[in-house]
Amino acid sequence: MAEYSAFSLLKNALNGHRDWKPAWRKPDPKPAYDVIIIGGGGHGLATAYYLAKEHGITNVAVLEKGWLGSGNIGRNTTIVRSNYLLPESIRFYEFSMKLWENLSHELNYNVMFSQRGILNLAHSPAQADDYIRRGNAMRLGGGDAEWLTPEQIARTAPGVDISGSARFPVVGGLLQPRAGTARHDAVAWGYARGADRRGVDIIENCEVTGFLREGDTISGVQTTRGEIRAAKVAVAVAGSTGRVMKLAGIDKLPIESHVLQAFVSESLKPFVDGVVTFGAGHLYMSQSDKGGLVFGGDIDGYNSYAQRGNLPVVEEVMSEMVAMFPALARVRLLRSWGGVMDMSMDGSPIITTGPLPGMYLNCGWCYGGFKATPASGFSFAWTIARDEPHAINAPYTLDRFHRGILIDEKGQGATPRLH
Amino acid sequence: MRIPCPYCGPRDVGEFTYQGDATVTRPDPASTDQDGWNRYVYDRANPAGKHSEVWQHSGGCRAHLIVERDTLTHAVGAVRYARGSATKAAARPAAKAAAKKTSPRKPATRAKAGK
Numbered sequence: 006m007a008e009y010s011a012f013s014l015l016k017n018a019l020n021g022h023r024d025w026k027p028a029w030r031k032p033d034p035k036p037a038y039d040v041i042i043i044g045g046g047g048h049g050l051a052t053a054y055y056l057a058k059e060h061g062i063t064n065v066a067v068l069e070k071g072w073l074g075s076g077n078i079g080r081n082t083t084i085v086r087s088n089y090l091l092p093e094s095i096r097f098y099e100f101s102m103k104l105w106e107n108l109s110h111e112l113n114y115n116v117m118f119s120q121r122g123i124l125n126l127a128h129s130p131a132q133a134d135d136y137i138r139r140g141n142a143m144r145l146g147g148g149d150a151e152w153l154t155p156e157q158i159a160r161t162a163p164g165v166d167i168s169g170s171a172r173f174p175v176v177g178g179l180l181q182p183r184a185g186t187a188r189h190d191a192v193a194w195g196y197a198r199g200a201d202r203r204g205v206d207i208i209e210n211c212e213v214t215g216f217l218r219e220g221d222t223i224s225g226v227q228t229t230r231g232e233i234r235a236a237k238v239a240v241a242v243a244g245s246t247g248r249v250m251k252l253a254g255i256d257k258l259p260i261e262s263h264v265l266q267a268f269v270s271e272s273l274k275p276f277v278d279g280v281v282t283f284g285a286g287h288l289y290m291s292q293s294d295k296g297g298l299v300f301g302g303d304i305d306g307y308n309s310y311a312q313r314g315n316l317p318v319v320e321e322v323m324s325e326m327v328a329m330f331p332a333l334a335r336v337r338l339l340r341s342w343g344g345v346m347d348m349s350m351d352g353s354p355i356i357t358t359g360p361l362p363g364m365y366l367n368c369g370w371c372y373g374g375f376k377a378t379p380a381s382g383f384s385f386a387w388t389i390a391r392d393e394p395h396a397i398n399a400p401y402t403l404d405r406f407h408r409g410i411l412i413d414e415k416g417q418g419a420t421p422r423l424h
Numbered sequence: 041m042r043i044p045c046p047y048c049g050p051r052d053v054g055e056f057t058y059q060g061d062a063t064v065t066r067p068d069p070a071s072t073d074q075d076g077w078n079r080y081v082y083d084r085a086n087p088a089g090k091h092s093e094v095w096q097h098s099g100g101c102r103a104h105l106i107v108e109r110d111t112l113t114h115a116v117g118a119v120r121y122a123r124g125s126a127t128k129a130a131a132r133p134a135a136k137a138a139a140k141k142t143s144p145r146k147p148a149t150r151a152k153a154g155k
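Protein chains in written order, with our numbering: chain A, 6 to 424; chain Y, 41 to 155.
The set of hints was computed from the structure by calculation and includes no laboratory data. Ideal placement from N, C-alpha and C gives every residue a C-beta, glycine not left out. Worth double-checking, as some hints may not be accurate.
[Claimed, not checked] The calculated DSS-like cross-link candidates involving lysine-lysine, where the alpha carbons are at most 30 Å apart (straight line), are:
id: 1; chain 1: Y; residue 1: Lys90; chain 2: A; residue 2: Lys31
id: 2; chain 1: A; residue 1: Lys274; chain 2: A; residue 2: Lys257
id: 3; chain 1: Y; residue 1: Lys90; chain 2: A; residue 2: Lys58
id: 4; chain 1: A; residue 1: Lys31; chain 2: A; residue 2: Lys251
id: 5; chain 1: A; residue 1: Lys257; chain 2: Y; residue 2: Lys90
id: 6; chain 1: A; residue 1: Lys16; chain 2: A; residue 2: Lys35
id: 7; chain 1: A; residue 1: Lys58; chain 2: A; residue 2: Lys35
id: 8; chain 1: A; residue 1: Lys251; chain 2: A; residue 2: Lys274
id: 9; chain 1: A; residue 1: Lys415; chain 2: A; residue 2: Lys16
[Said to hold, decoys possible] So the derived list for chain Y, only partly shown, Cβ under 10 Å to chain A, looks like this:
id: 10; residue: Met41
id: 11; residue: Gly54
id: 12; residue: Glu55
id: 13; residue: Asp73
id: 14; residue: Tyr82
id: 15; residue: Trp95
id: 16; residue: His97
id: 17; residue: Cys101
id: 18; residue: His114
[To be verified] Distance ranges between label pairs, derived from CB positions:
id: 19; chain 1: Y; residue 1: Thr113; chain 2: A; residue 2: Asn141; range: 45 to 55 Å
id: 20; chain 1: Y; residue 1: Thr72; chain 2: A; residue 2: Pro182; range: 43 to 53 Å
id: 21; chain 1: Y; residue 1: Leu112; chain 2: A; residue 2: Ser341; range: 13 to 23 Å
id: 22; chain 1: A; residue 1: Asp278; chain 2: Y; residue 2: Thr65; range: 50 to 60 Å
id: 23; chain 1: Y; residue 1: Thr65; chain 2: A; residue 2: Gln417; range: 19 to 29 Å
Using the sequences and the hints, build the whole thing.
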């Protein structure tokens with residue numbers, strides 16, 4: 006498979022783009038592998054890629070129920086950031102950010118990572134104090150953060166209503182300049198191509214219907230394309246975690262599946278530079294390279310596997326956007342959709358060995374999984390290869406809930422719908 | 041999504057506050073079984089399909105309700121008061137008063153109309 010380069014682009018442009026080859030094979034499943042990864046989303050594909058690249062484990066199958074990248078990797082609002090407060094989160098997401106910064110080169114695939122910055126607007130002195138505290142924590146943890154005054158915000162994001170008469174006046178904003186956006190599909194495709202060319206089998210339209218056991222140990226999976234055996238079976242299925250783990254007899258987890266909606270407006274000329282978030286509610290917005298405003302808000306707030314939401318959240322998101330950018334009041338909405346989020350009980354993920362022998366679990370991403378894709382894949386691959394966690398995912402155990410060592414960024418307690 | 045409140049009739053989901061899985065049961069407050077409390081606080085069945093859950097009609101009569109809902113389709117099934125005995129007593133006088141006044145509000149028939 007050829008490297009992508011400016012030269013290959015030019016050559017193919019001249020002959021009508023007839024010679025591009027598929028970026029990954031479509032193999033039939035073999036009877037056995039060293040490692041099976043359930044879930045062909047961003048995290049599953051990244052895990053396969055780093056297993057092959059970092060640990061030399063290439064006899065790997067990624068099993069995907071639908072088509073590659075049909076879940077949350079293709080449904081998110083593409084934001085990449087590492088503006089967290091707690092030391093565990095800062096370490097993990099900064100690690101991820103550093104992988105993002107070199108990802109296009111690493112994969113020889115343009116993931117269109119654009120470090121255009123994320124600006125969190127603060128609307129009260131208390132919120133400003135809280136944001137500045139978080140900014141300081143980020144800087145202490147090796148990240149970057151700057152505090153902007155309303156005047157600086159007006160220069161950075163000219164459309165923001167910074168007037169004193171705004172319903173929620175802006176008192177300042179926390180900017181993380183290295184944050185930004187990436188092309189979400191390209192991340193899935195780039196990791197898939199990178200894994201495939203190292204020998205990983207990516208098997209689409211292959212739904213896991215049960216687990217094979219030898220005694221207590223998981224020894225493979227039953228699928229719609231037959232039985233497949235493996236010494237190590239890894240689960241990275243995000244919102245479907247509950248469903249898949251039930252097949253293995255794990256009936257209860259510290260996870261609830263919720264629906265999150267996302268929205269895209271009609272295309273506009275360049276309107277806003279980076280990602281802007283509204284602090285008096287919950288809204289995050291950026292403008293894609295095509296010109297559409299890509300934005301979202303809170304989850305709907307009730308258990309759901311439906312991949313679609315309801316109108317109250319739509320109305321809330323729109324009203325927040327207009328409060329933040331009054332000039333957008335007449336912009337039309339082009340598309341909206343929903344994705345199923347694996348909301349954990351403390352808002353932080355789980356990347357661990359177990360809970361059964363021969364099994365590995367990666368879940369609980371709430372609605373922040375996209376930015377974590379590289380670090381999640383890297384640390385999950387490490388955990389699978391070495392049967393012990395990497396330093397960055399060591400705190401993200403499954404038993405931390407019962408042991409009382411939660412990593413609760415928002416301090417919301419065990420209420421998944423509020424994280 | 042609309043929820044047929046047994047007291048107010050079918051109302052938009054925006055009037056309700058979600059309070060989670062109704063099948064988790066709080067241990068006896070005197071219990072010192074750490075695992076039991078941990079399971080109550082953290083562990084959820086999270087089913088894909090039929091789910092029994094608690095909602096409060098916070099934008100209406102403020103009653104706590106047990107709603108049977110399908111998490112795959114959002115179809116709302118049976119709805120009842122969360123505290124059967126207490127709410128029966130509370131609901132009866134209101135229903136009687138409504139019947140006496142021949143008010144257009146007929147909780148029972150309205151509840152049936154909800155989808």
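Okay, the hints, checked on the actual structure:
1. Y:Lys90 / A:Lys31: Status violated; Cα separation ~36 Å.
2. A:Lys274 / A:Lys257: With a Cα-Cα distance of about 48 Å, the restraint between Lys274 (chain A) and Lys257 (chain A) is violated, given a limit of 30 Å.
3. Y:Lys90 / A:Lys58: violated (43 Å)
4. A:Lys31 / A:Lys251: The hint holds at about 29 Å.
5. A:Lys257 / Y:Lys90: holds (15 Å)
6. A:Lys16 / A:Lys35: violated (36 Å)
7. A:Lys58 / A:Lys35: Judged against 30 Å, a Cα distance of about 21 Å means the pair holds.
8. A:Lys251 / A:Lys274: Given that 30 Å is the threshold and the Cα spacing comes to 48 Å, the pair is violated.
9. A:Lys415 / A:Lys16: The hint is violated at about 51 Å.
10. Met41: holds (5 Å)
11. Gly54: holds (4 Å)
12. Glu55: Hint holds; Glu55 (chain Y) Cβ to chain A Cβ min 9 Å, cut 10 Å.
13. Asp73: Violated - the Cβ of Asp73 (chain Y) stays beyond 10 Å from chain A, reaching only about 12 Å at its closest.
14. Tyr82: holds (4 Å)
15. Trp95: holds (8 Å)
16. His97: violated (14 Å)
17. Cys101: violated (19 Å)
18. His114: holds (6 Å)
19. Y:Thr113 / A:Asn141: 45 to 55 Å: Given a distance of about 47 Å, which is inside 45 to 55 Å, the answer is holds.
20. Y:Thr72 / A:Pro182: 43 to 53 Å: holds (51 Å)
21. Y:Leu112 / A:Ser341: 13 to 23 Å: With Cβ atoms ~19 Å apart, the hint holds.
22. A:Asp278 / Y:Thr65: 50 to 60 Å: Hint holds: Cβ distance 51 Å, inside 50 to 60 Å.
23. Y:Thr65 / A:Gln417: 19 to 29 Å: Taking Cβ atoms as reference, Thr65 (chain Y) and Gln417 (chain A) lie about 22 Å apart, which means the hint holds.
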